[in-house]
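Chemist: In our numbering, the protein residues as written are 1054 to 1471.
If you're looking for bench data, these hints aren't it; they were derived computationally from the structure. Fair warning: this is a prediction, and the values are worked out from it, not measured in the lab. Worth double-checking, as some hints may not be accurate.
Dumping the calculated DMTMM-like pairs for lysine to aspartate or glutamate here, alpha-carbon to alpha-carbon at most 20 Å [unchecked claim]: (1) Lys1313 <-> Asp1254; (2) Lys1425 <-> Asp1414; (3) Lys1179 <-> Asp1428; (4) Lys1298 <-> Asp1254; (5) Lys1296 <-> Glu1329; (6) Lys1344 <-> Glu1305; (7) Lys1308 <-> Glu1373; (8) Lys1313 <-> Asp1258; (9) Lys1461 <-> Glu1088; (10) Lys1308 <-> Glu1343; (11) Lys1255 <-> Glu1278; (12) Lys1255 <-> Asp1275; (13) Lys1255 <-> Glu1305; (14) Lys1344 <-> Glu1300; (15) Lys1344 <-> Asp1307; (16) Lys1344 <-> Glu1271; (17) Lys1156 <-> Glu1389; (18) Lys1255 <-> Glu1312; (19) Lys1344 <-> Glu1278; (20) Lys1397 <-> Glu1160; (21) Lys1179 <-> Glu1195; (22) Lys1188 <-> Glu1200; (23) Lys1298 <-> Asp1258; (24) Lys1418 <-> Glu1131; (25) Lys1298 <-> Glu1325; (26) Lys1264 <-> Asp1301; (27) Lys1344 <-> Asp1266; (28) Lys1204 <-> Glu1239; (29) Lys1313 <-> Glu1343; (30) Lys1143 <-> Glu1415; (31) Lys1407 <-> Asp1417; (32) Lys1264 <-> Glu1233; (33) Lys1407 <-> Glu1141.
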Amino acid sequence: MQEIKCPHCGEVFQVDEAGYAAIVKQVRDREFAREVETRQQSAVQLAVSKVQLEKDQELTTLHARLEALKQQHQAELERAALQSRLSEQKERQTIEQLQAALKNEQERTQQAVRLAVQEQQLTIQKLESDLQHEKDDRTNREHLMREQHEKELAFKDEQIAQYRDFKARQSTKMVGESLEQHCRDEFDRIRMTAFPRAYFDKDNDARTGSKGDFIFRESAEDGTEVVSIMFEMKNEMDTTATKHKNEDFFRELDKDRREKNCEYAVLVTLLEADSELYNTGIVDVSYRYEKMYVIRPQFFIPMITLLRNAALNAVQARRELALVREQNIDITHFEEAISDFKEKFSYNYLQASKRFGEAIDEIDKSIAHLQKIKDALTASDRQLRLANDKAEDLSIKKLTRNNPTMQKKFEELHNGQA
1054 MQEIKCPHCG EVFQVDEAGY AAIVKQVRDR EFAREVETRQ QSAVQLAVSK VQLEKDQELT
1114 TLHARLEALK QQHQAELERA ALQSRLSEQK ERQTIEQLQA ALKNEQERTQ QAVRLAVQEQ
1174 QLTIQKLESD LQHEKDDRTN REHLMREQHE KELAFKDEQI AQYRDFKARQ STKMVGESLE
1234 QHCRDEFDRI RMTAFPRAYF DKDNDARTGS KGDFIFRESA EDGTEVVSIM FEMKNEMDTT
1294 ATKHKNEDFF RELDKDRREK NCEYAVLVTL LEADSELYNT GIVDVSYRYE KMYVIRPQFF
1354 IPMITLLRNA ALNAVQARRE LALVREQNID ITHFEEAISD FKEKFSYNYL QASKRFGEAI
1414 DEIDKSIAHL QKIKDALTAS DRQLRLANDK AEDLSIKKLT RNNPTMQKKF EELHNGQA
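Using the sequences provided together with the hints, build the complete structure.
Modeler: Here it is in structure tokens:
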């Protein structure tokens, strides 16, 4: 028999072995149930703690990944913005450099053209001034020649009388030779002072069947022929039966001029002594034969001087004209070089503009690509935020929903605590 004392009332009672064993078994079953319940509560708490820990770890990982993605996205955006600014700045500098180069070249071109135009204007002004001086000189010379002509006309009758008297005392042959000798003497008298580089001598070349009387040629210092004149002297006695006219010798004189390559032809004549046409001075008959003149002997030296000075002025004018033409050619070549440079510069500028447009297109494509990345990151951030909201909304109640076993365990745990 076993004695058992009640812990509440203190009464002692005896039980047999079977009853004692039943009581012990009952106590053990209760302790076991209590221990099982305790272990279940510990297991649930451990599961909840584990779930909470995993959730915290997952949230931490998600936050870290989100932060890393944000930083990467921000870095990519900053890098793209920096590259865009650098590209824009580089292209802007390139365009500014091209514009500055074009402006400088245009300024240099305009300056060169202005200088060329100024030089051309100065040349034209100089030519105009020289032409005006030449006109003034020519006017003065013409005035002097008129005065001299008037003086010579004053002695015309006396000279005609002298020639007539002179011819009356000579034979026909001597009359012609005396006029030639007179012209030679007049020229030799002033040769060294007025015509130091001139050639003046008899035309002895009769290979073509005829010849003139005298040939006058003068050259410039550089050897360029200034003027050449074929002279023919005609005279006859007053008692000659058959009287000749000056025009009877024009054709032969023109033929001699052409064959001897002379520029001018001059007939020095005493024929038709009473003709008012030939007695007034120098007669231009170029309307019949090119560059031919008829003069009296007193106009022999003035005629040479007049033709020589006109030729000298023509040579100078030709030289200045050639210089102006060379300058115009230089300006034309300069303008052609400027046009060629502008064409090449325009081509390079168009190519640069084309490359600039392609670069802008590539930048736009990069911006569009970055915008897609940004949209993807924004969508990822939205998904992470939804995941975070779901994690924050996680609870034991939701974990045990539709799980009868866990609901029962939590109910037992709740009842046990109560």
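Chemist: Tell me, in ascending order, the numbers of any earlier hints that this structure violates.
Modeler: 3, 4, 7, 12, 21, 23
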